[in-house]
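*Asks:* Here the protein sequences come in this chain order: A and C. First residue of the first sequence? That's 10 in the working numbering, and the numbers climb one at a time after it. First residue of the second sequence? That's 10 in the working numbering, and the numbers climb one at a time after it.
Heads up, a few of these hints could be off.
One copy or two, either will do: identical chains are not told apart, so a pair holds if it fits within one copy or between any two.
What the hints assert, rightly or not - The calculated lysine-lysine pairs, modelled on BS3-like cross-linking and capped at a C-alpha distance of 25 angstroms, are:
| id | residue 1 | residue 2 |
| --- | --- | --- |
| 1 | Lys56 | Lys349 |
| 2 | Lys361 | Lys56 |
| 3 | Lys361 | Lys153 |
| 4 | Lys333 | Lys153 |
| 5 | Lys333 | Lys147 |
| 6 | Lys89 | Lys333 |
| 7 | Lys28 | Lys56 |
| 8 | Lys349 | Lys89 |
| 9 | Lys361 | Lys147 |
| 10 | Lys153 | Lys232 |
| 11 | Lys89 | Lys361 |
| 12 | Lys228 | Lys28 |
| 13 | Lys228 | Lys361 |
Since the hints were made in silico from the structure, they are not lab data. These numbers come from a predicted model, not from an experiment.
Protein chains: 2
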Amino acid sequence: MPNYEQFSFEVTHQDPSSKARVGLLKTPHGTIETPNFIFCATKGALKGVTTAQAREAGVDIILSNTYHMMLQPGSELVAKHGGLHRFLDWDGPMFTDSGGFQIFSLGHGGVANEIKSRRQMPGFKDRVNITEEGAYFKSYIDGKVHLLTPEISMQVQKNLGADLVVVLDECTPYHNDKVDTERSMLRSHRWALRSLQEFERIDDGSQALYGIVQGGIHKDLRKVSAEFVAEMPFFANAIGGSLGGSTEEMQSVVSLVSDYLVTERPTHLLGIGGFMDIWHGASMGMDTFDCTHPTRVARHGSALVHPNQGEGRGHLNMRNSAFKEDMNPIEEGCSCYCCKTFTRAYIHHLLKAGELLSGQLLTIHNISFMMRLARAVRESIKNGTFEQERRAWGA
Amino acid sequence: MPNYEQFSFEVTHQDPSSKARVGLLKTPHGTIETPNFIFCATKGALKGVTTAQAREAGVDIILSNTYHMMLQPGSELVAKHGGLHRFLDWDGPMFTDSGGFQIFSLGHGGVANEIKSRRQMPGFKDRVNITEEGAYFKSYIDGKVHLLTPEISMQVQKNLGADLVVVLDECTPYHNDKVDTERSMLRSHRWALRSLQEFERIDDGSQALYGIVQGGIHKDLRKVSAEFVAEMPFFANAIGGSLGGSTEEMQSVVSLVSDYLVTERPTHLLGIGGFMDIWHGASMGMDTFDCTHPTRVARHGSALVHPNQGEGRGHLNMRNSAFKEDMNPIEEGCSCYCCKTFTRAYIHHLLKAGELLSGQLLTIHNISFMMRLARAVRESIKNGTFEQERRAWGA
Numbered sequence: 010m011p012n013y014e015q016f017s018f019e020v021t022h023q024d025p026s027s028k029a030r031v032g033l034l035k036t037p038h039g040t041i042e043t044p045n046f047i048f049c050a051t052k053g054a055l056k057g058v059t060t061a062q063a064r065e066a067g068v069d070i071i072l073s074n075t076y077h078m079m080l081q082p083g084s085e086l087v088a089k090h091g092g093l094h095r096f097l098d099w100d101g102p103m104f105t106d107s108g109g110f111q112i113f114s115l116g117h118g119g120v121a122n123e124i125k126s127r128r129q130m131p132g133f134k135d136r137v138n139i140t141e142e143g144a145y146f147k148s149y150i151d152g153k154v155h156l157l158t159p160e161i162s163m164q165v166q167k168n169l170g171a172d173l174v175v176v177l178d179e180c181t182p183y184h185n186d187k188v189d190t191e192r193s194m195l196r197s198h199r200w201a202l203r204s205l206q207e208f209e210r211i212d213d214g215s216q217a218l219y220g221i222v223q224g225g226i227h228k229d230l231r232k233v234s235a236e237f238v239a240e241m242p243f244f245a246n247a248i249g250g251s252l253g254g255s256t257e258e259m260q261s262v263v264s265l266v267s268d269y270l271v272t273e274r275p276t277h278l279l280g281i282g283g284f285m286d287i288w289h290g291a292s293m294g295m296d297t298f299d300c301t302h303p304t305r306v307a308r309h310g311s312a313l314v315h316p317n318q319g320e321g322r323g324h325l326n327m328r329n330s331a332f333k334e335d336m337n338p339i340e341e342g343c344s345c346y347c348c349k350t351f352t353r354a355y356i357h358h359l360l361k362a363g364e365l366l367s368g369q370l371l372t373i374h375n376i377s378f379m380m381r382l383a384r385a386v387r388e389s390i391k392n393g394t395f396e397q398e399r400r401a402w403g404a
Numbered sequence: 010m011p012n013y014e015q016f017s018f019e020v021t022h023q024d025p026s027s028k029a030r031v032g033l034l035k036t037p038h039g040t041i042e043t044p045n046f047i048f049c050a051t052k053g054a055l056k057g058v059t060t061a062q063a064r065e066a067g068v069d070i071i072l073s074n075t076y077h078m079m080l081q082p083g084s085e086l087v088a089k090h091g092g093l094h095r096f097l098d099w100d101g102p103m104f105t106d107s108g109g110f111q112i113f114s115l116g117h118g119g120v121a122n123e124i125k126s127r128r129q130m131p132g133f134k135d136r137v138n139i140t141e142e143g144a145y146f147k148s149y150i151d152g153k154v155h156l157l158t159p160e161i162s163m164q165v166q167k168n169l170g171a172d173l174v175v176v177l178d179e180c181t182p183y184h185n186d187k188v189d190t191e192r193s194m195l196r197s198h199r200w201a202l203r204s205l206q207e208f209e210r211i212d213d214g215s216q217a218l219y220g221i222v223q224g225g226i227h228k229d230l231r232k233v234s235a236e237f238v239a240e241m242p243f244f245a246n247a248i249g250g251s252l253g254g255s256t257e258e259m260q261s262v263v264s265l266v267s268d269y270l271v272t273e274r275p276t277h278l279l280g281i282g283g284f285m286d287i288w289h290g291a292s293m294g295m296d297t298f299d300c301t302h303p304t305r306v307a308r309h310g311s312a313l314v315h316p317n318q319g320e321g322r323g324h325l326n327m328r329n330s331a332f333k334e335d336m337n338p339i340e341e342g343c344s345c346y347c348c349k350t351f352t353r354a355y356i357h358h359l360l361k362a363g364e365l366l367s368g369q370l371l372t373i374h375n376i377s378f379m380m381r382l383a384r385a386v387r388e389s390i391k392n393g394t395f396e397q398e399r400r401a402w403g404a
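In isolation and in its complexed conformation, chain A is listed as follows (with noise of 0.2 angstroms):
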């Protein structure tokens, strides 16, 4: 059995007409209050801030990225650092994903998309090659054949030495027919036992181990895979691979899901961060999010505000000249570094004169959002008042 005694996952509060519930999730690195957000530092760094200054902005949880940590530049340099901690400077809690996502996402050149709903990119076997062994796929920079299995990952994810690791497992495209769907859960349920005994051969007791939940779109295939991970003695769960091709098919995946999961365990929902993903997420118990969305618009010129302040539907994109002359904070009443001490036409000219400062201001910005969302969340569930605080959110 794995040692989990550094880590502890209890609910303090449940919301009496859903699954939404507020807990405490413990790790060596310290506790978070969820349901929270995790910001991607995906290959090493926050994109766009300082850990500093997300630390200021009030993030509690990042993430990095196996895969490409793996690549780039490489799990035993960050291990000689003594893990990520110390290599990017994050003292707090931290979660690394398997690397199996990327290498579809990423490994054919190619995104989500193909997860998501797209077609196969072409080429994609030439890339990537899934043996029950494990995943043979060129490096994105190189074009180098390297190799992942469950147990590598499990040696990389303990290099990386962030507090809560994840399973390797295949990610099943959306196109998949059912059989395919099926024959790769099997194999991702292999892959996680695999995942399990290399880490319980490796544990020291630094980290807890994440299985994941697959099956596709297919009720019942959903059904086995969360039954499996339920037997499992994981210390979390998470809900990954394809949730469909719509908002709605997501939700109704997820809600499924949910009704077979272990609800003494934490539950991430991989990849998935929209804000109204996140109140949805949280009435079906759902404790963790992530998603690159708030950094990346942020960079892009957008800024995330509440869908109340009536324009934009909570997102502001501040190149439009109507900000121009605009001598308000880009949201009323944040206490972000950026709307203490900046207007909306600041942004809009630097947005204008081409200066990354716009990314930075705008990113501390939208982290500072997405942690305010997630306490309106917790609050809201406190208080007894998540529905009513849903629907002021437009969720």
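Guided by the hints, dock chain C onto chain A, whose structure is given.
*Replies:* Okay, now just chain C, sitting in the frame of chain A:
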């Protein structure tokens, strides 16, 4: 007479064997010790870092460019914010140039090279038209024709609200012959007078005016110009125009001019700031320097380090694979956020991974380095070790 009551310059230490001195330059936004380095917030933003990070890295004084700010976002919008201090969040001393240099270096599609020695670029006459009234130029943003006169420069700089402002001058290209250089210098003097008159007309005591010494590389012209500046009621001196095509020529011009300056006034050496130049400039009685070099090279992956670090003569290209597994900070003993927190291996990784954070961290280091250099210059003057310290820096 202008009202400089809120300003003062006091020499506190004089090096006995050179013109080097330590001074206190007082402005309504605080007092700085000189020699000091002024960081460029060209378009209203320090490239790569927030003003908060710059403050933390030790920056004392920043500079914005009138040319850029008048075109985008326009000085009226800045005035609406209460001036640049509030627009970009800087509560310390601030400097603006007159816009003249930029019209020459950017107005015709390119660059300080023109001023610094290369031939005039084709199309210059189409883009800039200098008359006695002022300079008509096409905006680099949209091609619209703008007019910059001495009076307009003063008004724009008033709107921007920097503490230290500069008369409009004509920047004479290096390749001009002596007759043209003299004609241009005399026009700069007439413009300086008009600048001063307009400055006095709109003066409210919040700004202090710098005169500019012109005259190219011609000693007799430089003498005439320095004497002209000395006779006018400027608060301070600036040395502008072509300083020649080589470091030696530049040092020779600065050295000459320094003999004719009013030494009770602070002197700014416009656009110069290599660390050799700072040591030499200080020895010639220069008090402040500005240059985009430290922050520009940071964005391109280079760290400034003390030349006695042995590698790269004061300049490390962090992309170099020699740093791939280097567990040291960029510069041993540096107390900046970057050096206290991250290894060379991490910075190298960020560059290889294409993470813009590298630019931010290297900018913080390079800022910190320049401030350390300025402190070293001042301390050595105070301690009577100026020459030794200068040699230790290889200057």
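*Asks:* Now look at each hint and say whether the structure bears it out.
*Replies:* Right, here's what the structure says about each hint:
no. : hint            : verdict
1   : Lys56 / Lys349  : both (22 angstroms within a copy, 20 angstroms between copies)
2   : Lys361 / Lys56  : both (21 angstroms within a copy, 14 angstroms between copies)
3   : Lys361 / Lys153 : between (40 angstroms within a copy, 16 angstroms between copies)
4   : Lys333 / Lys153 : between (48 angstroms within a copy, 19 angstroms between copies)
5   : Lys333 / Lys147 : between (46 angstroms within a copy, 22 angstroms between copies)
6   : Lys89 / Lys333  : between (49 angstroms within a copy, 12 angstroms between copies)
7   : Lys28 / Lys56   : neither (33 angstroms within a copy, 47 angstroms between copies)
8   : Lys349 / Lys89  : between (39 angstroms within a copy, 18 angstroms between copies)
9   : Lys361 / Lys147 : between (39 angstroms within a copy, 18 angstroms between copies)
10  : Lys153 / Lys232 : neither (38 angstroms within a copy, 65 angstroms between copies)
11  : Lys89 / Lys361  : between (43 angstroms within a copy, 18 angstroms between copies)
12  : Lys228 / Lys28  : within (19 angstroms within a copy, 83 angstroms between copies)
13  : Lys228 / Lys361 : neither (49 angstroms within a copy, 43 angstroms between copies)
Hint violations for this structure: numbers 7, 10, 13, all remaining hints satisfied.
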